[in-house]
Amino acid sequence: MDTLLKSFALISDPQTLGVMLLAAMFGLFVGAIPGLTATMATALLIPFTFFMDPVPAIAAIVATVATAIFAGDIPGALLRIPGTPASAAYCDETYAMTKKGLAQRALGIALVTSVIGGLTGSILLSLSAPRLAEFAIQFSSFEYFWLASLGLSCAVIISTGSTLKGFVSLLIGLFIATVGIDGTAGYPRFTFGSVELMGGVSFIPAMIGMFAISEVLRYVASNRTVIDIPQQIEGSVFKGLGAILKKYKFNVLRGSSIGAVVGVLPGAGADIAAWISYAIAKKRSKEPEKFGTGHPEGLVDAGAANNASLAGAWVPAIVFGIPGDSITAIVIGVLYMKGMNPGPMVFVMNPELIYAVFMAFFLANLALLPLGFAAIKLSRHVLRVPRRVLMPIILVFSMVGAFAINNTVFGITIMLALGIIAYLMEENGFPVAPAILGIVLGNMIEDNFMASMIKADGDLLGFFSRPIAATLGIMTLALWLAPLVTMLLRRRARRR
Amino acid sequence: MRFNNAIPGAVLIVFALAEIAYATTFPRLFGQNYGPDLFPILIGVGLLICGVILIFQGLGQRAAGPLVEVGDWAQNRRNVVNIAILIGCVVLYILASDALGFIPLSLFILTTLLVRFGSGWRTSLILATATTFIIHTLFAKILLVPLPWGILLPVAW
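Chains as they are written, first to last, in this note's numbering: chain A, 1 to 496; chain B, 1 to 157.
Bound conformation, chain B alone:
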């Protein structure tokens, strides 16, 4: 997704103003004129300046192209859906991994994505199962990372 420079410029200005406003609420060091707010404010000022220049550049290049150029991926509905599914899978894992556990979710995510990206059902299932168990053994058994068991807790090995 490509934007005209004016759009990231405007986003940066809004962000910088909010950041500076928030940073001014930080307490000063005792007896000094500066404190934890100084560095964030300097960063904010820098972003502000860059944002303004980007807007000017963007206005200059406006004739050359549209404000938002979605690129080849958006013309293909399949790609848009794939991106949504991919991000959705990560969000699902963040929200549900504690309750459902690593193994069921990993199986689900891998199978979904493999099938979506064009592998056959059978291959996908075999690959997803193998990968899930390799990763689980590697991290949970060898590196002792407490991957959540979730619904499989009663049969945990």
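So that you can see chain A by itself, here it is in the shape it has in the complex:
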């Protein structure tokens, strides 16, 4: 109880609340602009969080992301251009509703289901994370090695596109993480004599490059089409919503829980949660033929799912230090920077910080209701801000942000290099998310691998010597071998 009071004091600090409000407005703006994603909003925010206390820093990220994912629905409904990838699953649906003159209702459903989904995800996070942490406290380097391997393998398999390319992306990320002084022997690797690379590839410039600069490059490289400004939308946002939510109350619940669970899986974020729950809604619906014609059912499911996944992704992130999506990958970097190293120990050492983060989730999702309403009303003006003006500003902002972390221009060099790499990777179907997880988890997985190797004296069977480690290890190996086995089975079946 004492801890909860302390956390409440931390989160209700006027400065923290002010930071959250600003962050929420920033998130709504970035999310509503097509081509600017919630991950990019987080990456642009980190230079600021660098100068904040842990709780306002994390609360700012929570508020930005929760609002950005909802705001992505606005241009999706009005212009048929999803503001963030998480809205792509039901973008056609909401646009069809707009064409029927139901834009306000579509956005109203999106807003309310986002809030419910976000709150459900927050409940799951605050109930499950402390339990899991109690369990995880007994883990040794063997368990952590397998857990990280399992997480990375999940990320590769779930990532969009070919599994092979996802694996390449992961290896590239792991390689980037090996640059710098190594953890076991203190030997500088791949630094080529550069003093600035001794500490490794700086995480924040890397993230800004991969999410902001790559997006600016993509904008410049594409033949841009001018976005039409939507007409002022008529009608009331919340009118008739009660009836719809009552009719589809089961869908709200299903979407929220699917979203939260998908969020927990490493590498699967809000976009995948939305696609999966939209597909399930269609499959289970009594009237699947209406999907895509402006029918609210799928929107209810998927609108709740993408916001629910955000909180879900924090479960493995705080308990094990394994990110559930690319946003929590950035968050883990911020946590390390703040000396709040994720893992079960943080629940023992600084429980008030963790509970303050949970409260930030509830607060951000509740605040989304009025702020989202305002954003719907102001959407016409937000969408009028042209991207040709925003992109140069984002570029200069990114350069200053990449500089601010270590106060050297070397950060800008890292940002540019990784921005170009990320752009080329995405253009050629190599998903970027596994690379991010590789960069974040690289040192942890290598340290635990080396520690386990030394403990087991090079005997690989040592990796299976503890019961939980053995279970995790077998799960990981099964995940690796599954595609091979299915391929062989298919080949045998074909031969018959």
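I should point out that these hints are in silico values taken from the structure, not numbers from a laboratory.
You may find that some hints are simply not true.
Unchecked claim - Far from chain A, by Cβ distances over 12 Å, these chain B residues were calculated:
| # | residue |
| --- | --- |
| 1 | R2 |
| 2 | Y22 |
| 3 | L59 |
| 4 | I151 |
| 5 | L153 |
| 6 | P154 |
| 7 | V155 |
What the hints assert, rightly or not - Distance condition first, Cα-Cα at most 20 Å in a straight line; then the derived SDA-like pairs of lysine to any residue:
| # | chain 1 | residue 1 | chain 2 | residue 2 |
| --- | --- | --- | --- | --- |
| 8 | A | K455 | B | Y34 |
| 9 | A | K338 | B | Y34 |
| 10 | A | K338 | B | V145 |
| 11 | A | K455 | B | N33 |
| 12 | B | K141 | A | F50 |
| 13 | B | K141 | A | Q15 |
| 14 | B | K141 | A | M52 |
| 15 | B | K141 | A | F51 |
| 16 | B | K141 | A | T408 |
| 17 | B | K141 | A | N407 |
| 18 | B | K141 | A | I405 |
| 19 | A | K249 | A | K283 |
Note that beta-carbon positions come from the ideal geometry of N, C-alpha and C, so glycine has one too.
Following the hints, position chain B against chain A.
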């Protein structure tokens, strides 16, 4: 810019071989058979395998498309020039920010890009000035980031 899978495959193989060769020069741990070289070598082997598979995939899909598909942006010369200018601006900042300072360079970069991307001269200048001063105040004055003053050092505020 889209490549046939064989090209990233070949690049990965070359990279992996160089990486493994370099990693073998790392010292071993005292009394152990492995050291800081083990993990990079495992990564290199993984990349090598992926590279080979990508080449095979690429040879398979060769009939379907050209080796390098430059995409719609290269057909438009303007886009190519824009990318070059964008990257050039960042490189210019990396090389010259210490000597020239944040404010002059930010003004220059913002105005150039805004005009290039299609805003009018007057709007661009106003926007560039406003943005530069907002970012400068935010980072240098409030967050105390030592943004370089450069040529403006005598009049620094």
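Original post:
If you check each hint against the structure, which ones fail?
Top reply: Of the numbered hints given earlier, those the structure breaks are 1, 2 and 9, listed in rising order.
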